[in-house]
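Engineer: One line per chain: the protein sequences are A and B, in this order. FYI, the working numbering numbers position 164 of the first sequence as 186, with every residue one higher than the one before it. FYI, the working numbering numbers position 67 of the second sequence as 89, with every residue one higher than the one before it.
Incorrect hints may appear among the rest.
[Stated by the list, open to error] Which chain A residues stay away from chain B? Per the calculated CB distances, all over 12 Å, these:
no.: 1; residue: Val99
no.: 2; residue: Pro101
no.: 3; residue: Glu126
no.: 4; residue: Pro132
no.: 5; residue: Ser144
no.: 6; residue: Ser150
no.: 7; residue: Gly219
[To be verified] Only part of the chain B face toward chain A is listed, based on derived beta-carbon distances under 8 Å:
no.: 8; residue: Gly163
no.: 9; residue: Gly180
no.: 10; residue: Leu183
no.: 11; residue: Glu191
no.: 12; residue: Ala203
no.: 13; residue: Asp220
Bear in mind the hints are in silico, worked out from the structure with no lab data behind them. In this text, a Cβ means the ideal position worked out from N, Cα and C, and glycines have one as well.
2 protein chains.
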Amino acid sequence: MATTRQAPNRLRPGRTAGSPHNRDAILTAAKQEFAAHGFDLATVRGVARRAKVDPALIYHYFGSKNELFSEVIRLPVGPREFALQVVAGPTKSVGERLARHALELWNAHPPAWIELVHSVTSRQEAVSPRIVLDTITKALGVPQPRLRASLVYSQIIGLALAKFAIGIEPISSVTDEELVAFYAPTLQRHLTGHLPGD
Amino acid sequence: MATTRQAPNRLRPGRTAGSPHNRDAILTAAKQEFAAHGFDLATVRGVARRAKVDPALIYHYFGSKNELFSEVIRLPVGPREFALQVVAGPTKSVGERLARHALELWNAHPPAWIELVHSVTSRQEAVSPRIVLDTITKALGVPQPRLRASLVYSQIIGLALAKFAIGIEPISSVTDEELVAFYAPTLQRHLTGHLPGD
């Protein structure tokens, strides 16, 4: 492997700098660090502590905190594939499927909601959710697809923040099935309901 | 006035340190600074530059960036009064009134949406919006008032972020009347619609 090199002496013993094990340990630690502190307060030093490696090794692999985050937020499925899973099925329950798939994704892959939180502090739309929602509204063939994707974005990000980042009660303590029941009609309306201008 | 004192030499000439004019200028500058950079990236130095005063004067008046922010986010009307204005009128249009009053408030008083953004990075609920929404759901006498207030919070914060902090298109460029039309039914449903568990 081109990136494998001898571990410098200051790295802790027992792990080889270039081993895939180290790289995976760093990614796992980074997910925990970003989930615990959010993007802005997370530090490479904190990731290094969790992964029990030297911070220099993280810079060696990933270059910067930004690039480490880009690696961590990669979805387990691509955003278009995710969107098409949501669209597959009756249109009248697409809002319910979106709520359920989003909650499953956030639980299984915290960087997905961390990306949404980071979009607030960085004042830029999160890339993957935008692709997901634009793909969904285009596949549905509804009028004003970009507006609808934006309305859904505004509710999805609010749910993610309320549940995970801020911990608003009782949203953060009810079951996901209850959340699906509460949010499905809102998402359904934003996606397929009549909007002024249709 | 007890807080009036001789301006130190390093303050720019032409303004007296303790004058109410200076205090107002600092508050106006702070609103601009927080609106431009959000709470976390805003600096006392930046406020001082905008207000054309020495940073020391800001610490003299307000003690810290946190306390300056607490001063700046004070609503033009108290949260309970704001809530009762929203409730006053037919219950079937309370969602519409909430959307309209919120947008008017955010436009007239940017610290109100900045507080919502800051609640994300500080990972704590914003105090005033919570009081507003709890007061509204209690006054309406609906079942599950706390849950409903939380659901509304999650949509209101998403709208504020989409429109002001992130600038999601087309949300940030359509008129407020259009936004009221898009969001009123969602807020109405969260506030008064049937929820599982009612």
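Engineer: If a hint holds in the structure, say so; if it doesn't, say that too.
Structural biologist: Evaluated hints:
1. Val99: Its Cβ never comes within 12 Å of chain B, the nearest being 24 Å, so this holds.
2. Pro101: Label holds. Min Cβ-Cβ 16 Å, cutoff 12 Å.
3. Glu126: holds, 18 Å
4. Pro132: The claim holds: Pro132 of chain A sits with its nearest Cβ about 14 Å from chain B, beyond 12 Å.
5. Ser144: Violated, because the least Cβ-Cβ distance between Ser144 of chain A and chain B comes to about 9 Å, which does not exceed 12 Å.
6. Ser150: holds, 14 Å
7. Gly219: Violated, since 7 Å does not exceed 12 Å.
8. Gly163: Interface hint status for Gly163 of chain B: violated (19 Å vs cutoff 8 Å).
9. Gly180: The hint holds - Gly180 of chain B has a Cβ within 8 Å of chain A, the shortest such distance being about 3 Å.
10. Leu183: Since the shortest Cβ distance to chain A is 5 Å, the answer is holds.
11. Glu191: holds, 7 Å
12. Ala203: holds, 4 Å
13. Asp220: violated, 11 Å
In this structure, the hints that do not hold are numbers 5, 7, 8, 13, in rising order.
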